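Chemist: I would like the entire structure built from these sequences, with the hints used as guidance.
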Amino acid sequence: MEADFALVYARGLGYANSYVMDGGIGEWISTVIGTKFSGERITARENALFETRKRAGEMFTELNSLPDSLKTKYLESRKFSAKKLDGGCE
Numbered sequence: 001m002e003a004d005f006a007l008v009y010a011r012g013l014g015y016a017n018s019y020v021m022d023g024g025i026g027e028w029i030s031t032v033i034g035t036k037f038s039g040e041r042i043t044a045r046e047n048a049l050f051e052t053r054k055r056a057g058e059m060f061t062e063l064n065s066l067p068d069s070l071k072t073k074y075l076e077s078r079k080f081s082a083k084k085l086d087g088g089c090e
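Following my numbering, the numbering of the sequence shown begins with 1 at its first residue and continues without gaps.
The set of hints was computed from the structure by calculation and includes no laboratory data.
Careful: at least some of the hints might be erroneous.
Stated by the list, open to error - Pair by pair, the computed Cβ-Cβ distance ranges are:
| id | residue 1 | residue 2 | range |
| --- | --- | --- | --- |
| 1 | R41 | L13 | 43 to 53 Å |
| 2 | T52 | G12 | 25 to 35 Å |
| 3 | N17 | R53 | 12 to 22 Å |
Bear in mind that the values here come from a model prediction, so they are computed numbers and not experimental data.
Glycine included, each C-beta is placed from N, C-alpha and C at the ideal position.
Modeler: Okay, structure coming up:
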């Protein structure tokens, strides 16, 4: 219930990209940070999902290890343009 109030409050402040996580932060941590590959074969979709979750988990861990004064600079340094990734060397 408190999460719903926080969502309404955040959206009222103009944060349109706000959501309530099903299962909360504990479920997110077990799903994203606890992601492991098992087996011999993996589909392209499963690989993309695994890689995305792995990167998100690494970023979450790195961000939480920083003091609050450096977190904004860290997030700004991690932003990149999709153009840089598309097309390789040009």
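Chemist: A separate judgement is required for each hint: does it hold in the structure or not?
Modeler: Taking the hints in turn, this is what the structure says about them:
1. The given range of 43 to 53 Å is respected by R41 and L13, whose C-beta atoms sit roughly 46 Å from each other.
2. For T52 and G12, the hinted distance range of 25 to 35 Å is satisfied, since their beta carbons lie about 30 Å from each other.
3. Judged by the Cβ atoms, the range 12 to 22 Å given for N17 and R53 holds: they are separated by roughly 19 Å.
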